[in-house]
Amino acid sequence: MRSFQNAAIIGVGQSAYTRRPQPDQTTQHFMRDAMVAALADAKLTARDIDGLAVSSFSLAPDAAVDLAWKLGLSLRWLIQDTNGGSSAMNMLGHAVRAVDGGVAEAVLVLAGDATGLAGYAKVAANLNSVTQKYLAPLGHGGPNGVYALVANRQMKKYALQKSDYGHIAIAQRQWAAMNPYAVYRTPMTMDEYLAAPLVSDPLSRYDCVPVVAGGQAIVVARPDRAPKGRSGVRVRAHRASFNYDNQQGDGLATGISTFADELWREAGVRPSDIDLASIYDDYPTMVLAQANDLGLIPDNDLSRFCRVTIGEKRFPLNTWGGMLSAGQPGGPAGGLNGISEAVLQLQHRAGERQVKGARLAVATGYGMTMYRYGGTAAAAVLERIE
Amino acid sequence: MTPGVSIQRCTNCGADHFPPPMLCSRCSGVAFELVRVFEAVLEEFTTVRHMLGQENWQPRRIASVRTPSGLRLTIGLQDESGPGANLELFEDNSAPFGRARR
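Residue numbers (my numbering), protein chains in the order written: chain A, 1 to 386; chain B, 1 to 102.
Quick caveat, the hints were computed from the structure, so don't treat them as lab data. Built from N, CA and C at the ideal position, the CB exists for glycine as well. Some hints here could point you the wrong way.
Which chain B residues face chain A? A few, computed with CB under 7 Å, are given here [stated by the list, open to error]:
1. M51
2. S64
3. A95
Please build the complete structure, drawing on both the sequences and the hints.
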């Protein structure tokens, strides 16, 4: 059964990304720039927008309605999502349901952050009350320390070598070289990857997502609102999961494992039908966990997937360079970046990184490091409307 | 430093929890007794060598450990213990730490 026939992603836009924002470059400035770009791309004006979904780690004390005011948006549908790396995918799900159900005509899905590096450290140490009380006092190093432990478990369980992770980082850097927005575009060799300084063993510099300041936006509306001559992108299926195991597992399966079968069944396609994937990539470890949950890795052979499927460029994964090379403008906008790239690919507008004939994509979000690993995940199968 | 780590045990089904829950995820019970756990086995560890936005960061070790009842905690590791090591647990300002049993 195909869902959301009356909704499509019709435009995407982003701000510039920067590693070190200036004092006058706030989260809201980056979000504004992303909104302006997305509206121009969709050939709409601010007056056409009647729905807003927003997510950010650095919007407070303002809330979504304050942002709507500052952006001059008068709305009849508004949500604010607080699920970090899966916020973008959650917001996409809410937006297509709102448009498909006729509650809103055109929804702007918007995310961004401009914490700066020191500000990010504060976010990482105060992500929730458990982190404040039981992790930060250990000097856990934020998510890097947490996912270093997950990576240790993954390497042990699947007999992975450090170089296996390197294939993901290197392949994504090759894609990033073709993305003018990416903050890191210089090709990387395996020797350079392996020689990078350790951050938190086994994670080294190129395993850890670089935090940037930036904003990202997409526009969801009826398919016939797509600019003339351009295909909209439809959501064939969408699922989400929250606190899937009460943090009692090993973190090597994500919440995606709870709904993957349902997702593919509703989409009416199989993992092998997919032309490209945008998998939330705060760490290569979590790319593998999510891809495995989705069924993209035959026989759970993570090592072969890294060495052959990705290392030999047999499957287009994170074709904008992923957050690992393009930068993570906060978790929420980072997830939106992957969705935007899937849209550009399915609309055949990805320039020199275009995947030939792309028709189907899968995109994911993963986030909220509650204690031992992330507790939220979401995914969608996206389709080019012919 | 206080010997042992304080965890919550559901008085209805006996499931151990850490960090403290409001409701038992196994039986939905709402009553817990505080129990101190003094030992655990080290499963994985890492040395955190760098922290974004922090200058003069001193490397420190954290670890995932398993208590005798199977509960998994993230602790600060205060020595060079490796996987499989038996640790004694203690608290410093409510946060859990561990080191090799003496």
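Against chain A, run the beta carbon of B/M51 and see if the smallest gap drops under 7 Å. With Cβ-Cβ at 5 Å, under 7 Å, it holds.
Checking hints one by one. Is B/A95 an interface residue toward chain A, by the C-beta closer than 7 Å rule? Interface hint status for B/A95: holds (4 Å vs cutoff 7 Å).
Is the hint on B/S64 kept, meaning its closest Cβ partner in chain A is under 7 Å away? holds (5 Å)
In the structure shown, no violation is registered for any of the earlier numbered hints.
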